[in-house]
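Residue numbers (the numbering used here), protein chains in the order written: chain P, 274 to 507; chain Y, 274 to 507; chain W, 452 to 668; chain E, 452 to 668.
Some hints here could point you the wrong way.
For lysine to aspartate or glutamate, the following EDC-like pairs were computed, each having C-alpha atoms within a straight-line distance of at most 16 Å [unchecked claim]: (1) Y/K491 <-> Y/E471; (2) E/K574 <-> Y/D473; (3) Y/K495 <-> E/E587; (4) P/K345 <-> P/D292; (5) E/K567 <-> Y/E359; (6) P/K495 <-> W/E665; (7) P/K495 <-> W/D515; (8) P/K457 <-> E/D662; (9) Y/K442 <-> E/D515.
The hints are simulated quantities; they were obtained by calculation from the structure and are not laboratory data.
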Amino acid sequence: MINKVVADAREAVSGIKDDMTVMFGGFGLCGIAENCILAVRDSGVTGLTCISNNAGVDDFGLGFLLATRQVKKMISSYVGENDEFERQMLSGELDVELIPQGTLAERCRAAGAGIPAFFTPAGYGTEVGEGKEVRSFDGKPHILEHAFDAQFAFVKAWKGDEAGNLIFKGTARNFNPMMAMAGKITVAEVEELVPAGELDPAQIHTPGIFVQRIFQGKNYEKRIEQRTTRPRNP
Amino acid sequence: MINKVVADAREAVSGIKDDMTVMFGGFGLCGIAENCILAVRDSGVTGLTCISNNAGVDDFGLGFLLATRQVKKMISSYVGENDEFERQMLSGELDVELIPQGTLAERCRAAGAGIPAFFTPAGYGTEVGEGKEVRSFDGKPHILEHAFDAQFAFVKAWKGDEAGNLIFKGTARNFNPMMAMAGKITVAEVEELVPAGELDPAQIHTPGIFVQRIFQGKNYEKRIEQRTTRPRNP
Amino acid sequence: MLDKNGIAQRIAQEMQDGWYVNLGIGIPTLVANYIPQGISVEFQSENGVLGMGPFPFEGEEDPDLINAGKQTITTMPGASFFDSAMSFAMIRGQHVQMTVLGAMEVSENGDIANWKIPGRMVKGMGGAMDLVASAENIIVAMMHTNKKGESKLLPNCSLPLTGVGCVRKIVTNLAVMDVREGSFHLVERAPGVTVQEIVEATAGALVVPEDVPEMRL
Amino acid sequence: MLDKNGIAQRIAQEMQDGWYVNLGIGIPTLVANYIPQGISVEFQSENGVLGMGPFPFEGEEDPDLINAGKQTITTMPGASFFDSAMSFAMIRGQHVQMTVLGAMEVSENGDIANWKIPGRMVKGMGGAMDLVASAENIIVAMMHTNKKGESKLLPNCSLPLTGVGCVRKIVTNLAVMDVREGSFHLVERAPGVTVQEIVEATAGALVVPEDVPEMRL
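This is chain P alone, in the form it adopts within the complex (with noise of 0.2 Å):
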């Protein structure tokens, strides 16, 4: 089998070239793929447009790629928390499209699905919907959403194995899976790579067959944006 492991990050990201539209999982930073997002950086490739939940923290995640402006435009559901991505974005540095994170999800599910295009009710009646088509089905108005083309997916799971199989650890799936699928080139970084053979086949949450590369990352810092608790009774 053609070796899908790679020494590290920066071998990992190889290939990466400026204008691309490249992927990263995560949901804020639950999940992200902090080995690659700092290969990336140190690539130095510039005008990517992102795919992405999230947009990260000024000091960590994708806040790293803004920071050096090597991002032209963010696709993402959300951002915030960030105060470098609002300079950017007022001055009109980086361009941003928002869109609803469950069609964010679909559309990329779509693309590693062979599916071109799909209609959803989100967005209808909203700026989301401008100028797409419109259809109703059983009286209820959906929109048409597109399959996105990604060139790199860069995921993060918790086990892999060598066949490139991925196993994520709780909330920090998100959408990494779908962008595993997306990707021409996906990925993955994990916090413990195996070889292949020591996962169990009925518990692989993202089959190998949808990774290209895989590496086991290091230094994770896992950092808690909202770190809250409650009190131990006395």
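Starting from the known structure of chain P, arrange chains Y, W and E on it as the hints suggest.
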């Protein structure tokens, strides 16, 4: 929490009525809801439209419902290995709609996911595409397919818990998860029913939200259609 | 008059045993604190969890276990994790029985605006557009008027819409109202609030029945 | 002239290291027996498994572990199971690099008919329509002529189509042909078969280059 656990298959199929559209999970005889099929037979309902990838064999699986002529129409991707089926189809007693397997799966998922219609390349230029809307994406023609609408879905899982969460074994998963999503009332029969909390939340294949009734089935035959083996080395 | 917790408490009374519920950020989050006795519901968070539990004890926070507000959480027995496509399949497919979310404006025909104020930094709609376009049972939790004292219940929304004709019920600090047939319908008064106060605070068409009971909390 | 195993062996030469391959029922199934040395491929079966292994030893058959032909199978290290929607996502999304299937007829523009004979019991297309409409690399494995001795390589298919303009390569008992620009293009002769025999057995437009090498197995 409302109790989803029902006593047996008879209680599980209560409410099924003549002329309903119902889904049955399984691929061939693998992963079929053996208990529910018998209970549907014993309920005496007739005029059913059955959505199922296959139609069982003469003396097992959906063959039981064909033998009693409770099925008005089969919607499947592949039928055969069933003499009574052939006889009823050729005599015009049974209506049969054949659908590409991937389209069948996707129409089930679409029903469960609130996607009323989607484009697929499968079937373009064939009988399957006749009368359907055609649209080209990137120069490739696709046809528009619609979500199914089913009152009941009968699925079979390996393990389930009282919250309705399901885990499937091997290739017995097949159509069961999408049909579970699609049924207005989804009935799950499982080989082992455990209290909520005993299954790992990260390993659930079908979240309980899709399952309205669940019970532990009995007397599973799990027939093999094509027993293929290789010799042991001497 | 109700405070935010009172609004949450009143909305919690709408829950039915066995329901799956999605709570938005802000007042809706508080609803989880007031589940009526004898009722059990499961909370869905659109980032990929069903069966959310309370916040973790200090020191037990898991960065891989958060809700859609990015808060650290726990799970209850019977919980499940799934990806975002599956999560919105649940929402779009109407498997979630009740959705509670805040609003900046609601119109008398049920339009809702809660994601964008022109001229200000826009953070995005997140999952709100999917939720309001899909759910059959959308309850809005909000103050009856904005900080300037202007009604948030309008003939038409002035802000960019999140969804059209989707709100079924509104619970504010002043009242409970149903939304149907192009009007707000007054159902209950908050404790100590008069019908006249509600009428004055409502800019859109308000149908007032003869008897408007005071809500019981 | 090749037998069925020879056809399978020749098709196996088309496989490249690391490819994901879907094999149809019949001759295509035999391709798995001839994977060239030094090459590793993973077999996908559309009922929901990637990384299929050989048949189980007698007594080790698992009714919950079958392929799309409903045969009992085993899995290789690195295998995964998934549902039918995910399986056809792989196929429709062109993640499977090579699809081999049988045919009753192929036309010179790459149309394929392999699922229905009018007037006979129709068993259904199964996953064939999804496979042929999606895959970029479809190889047909079949006999050059039918039982009556009539060519199965036609100007136009006479049977109901499975897919249009999708076949890229055909391997028969007589020859290897590429399909492009509205013609069959002769690439290789089977051992002991003359160009003339191939021309006579081919009803559709056949482009014959000056040199047609005999295939090496």
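Going through the hints against the structure:
The hinted pair formed by Y/K491 and Y/E471 fails the criterion: a straight-line CA distance of about 21 Å is larger than 16 Å. Note on E/K574 and Y/D473: the hinted pairing is violated, with a Cα-Cα distance of about 40 Å set against a maximum of 16 Å. For the hint linking Y/K495 to E/E587, the alpha-carbon distance of about 37 Å lies beyond 16 Å, and the restraint is violated. With a C-alpha separation of about 8 Å, the suggested pair P/K345 and P/D292 falls inside the 16 Å cut-off, and the hint holds.
Between E/K567 and Y/E359 the CA atoms are separated by roughly 14 Å; this keeps the pair inside 16 Å, and the hint holds. For a cut-off of 16 Å, the pair hint linking P/K495 to W/E665 is broken: about 49 Å separates their Cα positions. Taking the CA atoms of P/K495 and W/D515, the gap is about 8 Å. The hint holds against a cut of 16 Å. Between P/K457 and E/D662, the direct Cα distance comes to roughly 38 Å. Violation of the 16 Å bound is thereby established for this hinted pair.
With a C-alpha separation of about 6 Å, the suggested pairing of Y/K442 with E/D515 holds against the 16 Å cut-off.
The structure is inconsistent with the numbered hints 1, 2, 3, 6 and 8, although it conforms to all the rest.
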